[in-house]
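Student: Residue numbers (numbering that gives the first Met the number 0), protein chains in the order written: chain A, 0 to 121; chain B, 0 to 162.
It is worth saying that the hints were derived from the structure and are not from the lab.
Since the model is a prediction, treat every value here as computed from it, not as a measurement.
Note that CB positions come from ideal geometry on N, CA and C, so glycine has one too.
Hints should not be assumed to be uniformly reliable.
[What the hints assert, rightly or not] Covered by chain B, per the in silico footprint, the following chain A stretches (three or more residues, Cβ under 8 Å):
hint : region
1    : 1 to 12
2    : 50 to 64
3    : 91 to 103
[Claimed, not checked] Quick list of the computed label-pair ranges, beta carbon to beta carbon:
hint : chain 1 : residue 1 : chain 2 : residue 2 : range
4    : B       : S74       : A       : V28       : 54 to 62 Å
5    : A       : Y92       : B       : S156      : 18 to 26 Å
6    : B       : I17       : A       : P46       : 32 to 40 Å
7    : B       : K95       : A       : N78       : 46 to 54 Å
8    : A       : K86       : B       : N72       : 35 to 43 Å
9    : A       : D81       : B       : M60       : 37 to 45 Å
10   : A       : I21       : B       : S156      : 37 to 45 Å
11   : B       : G98       : A       : T75       : 38 to 46 Å
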Amino acid sequence: MIKKKDLILAAVILIIALLAVIMITFTKVEGGEAVITVHGKIYKTLPLNEDDIVTVEDESGHYNVIEIKDGNVTMTEANCPDILCVKHRSIHYNHESIVCLPHKVVVEIQAGEENNIDAIAK
Amino acid sequence: MKSRNVATYGMLIALAFILSYIERIITIPIPIPGIKVGLANLVVITALYLMGPKQAFVLSMIRILLVGFTFGNLSTMLFSFAGGILSWILMVLARKIQGLSMTGVSILGGVGHNVGQIAVAMFVVNSTTLIYYLPVLILAGLVAGTVIGILGALLVSSLKHMH
Numbered sequence: 000m001i002k003k004k005d006l007i008l009a010a011v012i013l014i015i016a017l018l019a020v021i022m023i024t025f026t027k028v029e030g031g032e033a034v035i036t037v038h039g040k041i042y043k044t045l046p047l048n049e050d051d052i053v054t055v056e057d058e059s060g061h062y063n064v065i066e067i068k069d070g071n072v073t074m075t076e077a078n079c080p081d082i083l084c085v086k087h088r089s090i091h092y093n094h095e096s097i098v099c100l101p102h103k104v105v106v107e108i109q110a111g112e113e114n115n116i117d118a119i120a121k
Numbered sequence: 000m001k002s003r004n005v006a007t008y009g010m011l012i013a014l015a016f017i018l019s020y021i022e023r024i025i026t027i028p029i030p031i032p033g034i035k036v037g038l039a040n041l042v043v044i045t046a047l048y049l050m051g052p053k054q055a056f057v058l059s060m061i062r063i064l065l066v067g068f069t070f071g072n073l074s075t076m077l078f079s080f081a082g083g084i085l086s087w088i089l090m091v092l093a094r095k096i097q098g099l100s101m102t103g104v105s106i107l108g109g110v111g112h113n114v115g116q117i118a119v120a121m122f123v124v125n126s127t128t129l130i131y132y133l134p135v136l137i138l139a140g141l142v143a144g145t146v147i148g149i150l151g152a153l154l155v156s157s158l159k160h161m162h
């Protein structure tokens, strides 16, 4: 059974969430660099305009392979139990990320220095 | 404990197992293992309205432990616990709001479930970037919560006969 208050609640949540999604979608900016963090600490920062392949490995043998190609970042290989990170689509917009939760590896796209200078110059 | 209660507990946990299994088959495009749509919340909210908050909490914890050991592992259970606890807190509070039906309570339960999971994920990975998944997960929680609210009402009314 649905009452009026339920609909109000649902509408409020729906509007807030949709607004957030719309805002995120329409403020998408091309990223400048990929920041790889392991256990919260920055491991390596790579510019998106240079093709590269990086392997992140820890003492227990857990590894993740991150590839930058044509400005896109993908997780091409990993030995985590679910490989959701590998199945993730490629990312290249600012704030997009690929997360390997079991290995605590995060690849996040950030603006990078060049873009910041452009913003200031404007 | 009354034998009827025991039987109800058993039945609800069996239902939780089936729902959790179905959940695993549905792949969600969000790369966070352990993130579930929260179908098993149907069992918790049914227990909440049929038996009470304490029983619902016990059921929720048992469900998470059993399903976690069967289908998942220790780390995925952490997310389930976070989601389950936040979901339970919100549902118990929501139930006190006059004029909010089971559907509304379930919506908050569904949203709370997903928010709890993301919060723990952000903590585990030590990164705030996961917050960008929140809008999509909230929408998923809203939809799941609505469906579960309606199903839950049906389930509770049919089970009330037996109590």
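Student: Now tell me if each hint is right for this structure.
Tutor: Evaluated hints:
no. : hint                       : verdict
1   : 1 to 12                    : holds (count 8)
2   : 50 to 64                   : violated (count 0)
3   : 91 to 103                  : holds (count 9)
4   : B:S74 - A:V28: 54 to 62 Å  : 34 Å, violated
5   : A:Y92 - B:S156: 18 to 26 Å : 47 Å, violated
6   : B:I17 - A:P46: 32 to 40 Å  : 49 Å, violated
7   : B:K95 - A:N78: 46 to 54 Å  : 48 Å, holds
8   : A:K86 - B:N72: 35 to 43 Å  : 19 Å, violated
9   : A:D81 - B:M60: 37 to 45 Å  : 24 Å, violated
10  : A:I21 - B:S156: 37 to 45 Å : 39 Å, holds
11  : B:G98 - A:T75: 38 to 46 Å  : 53 Å, violated
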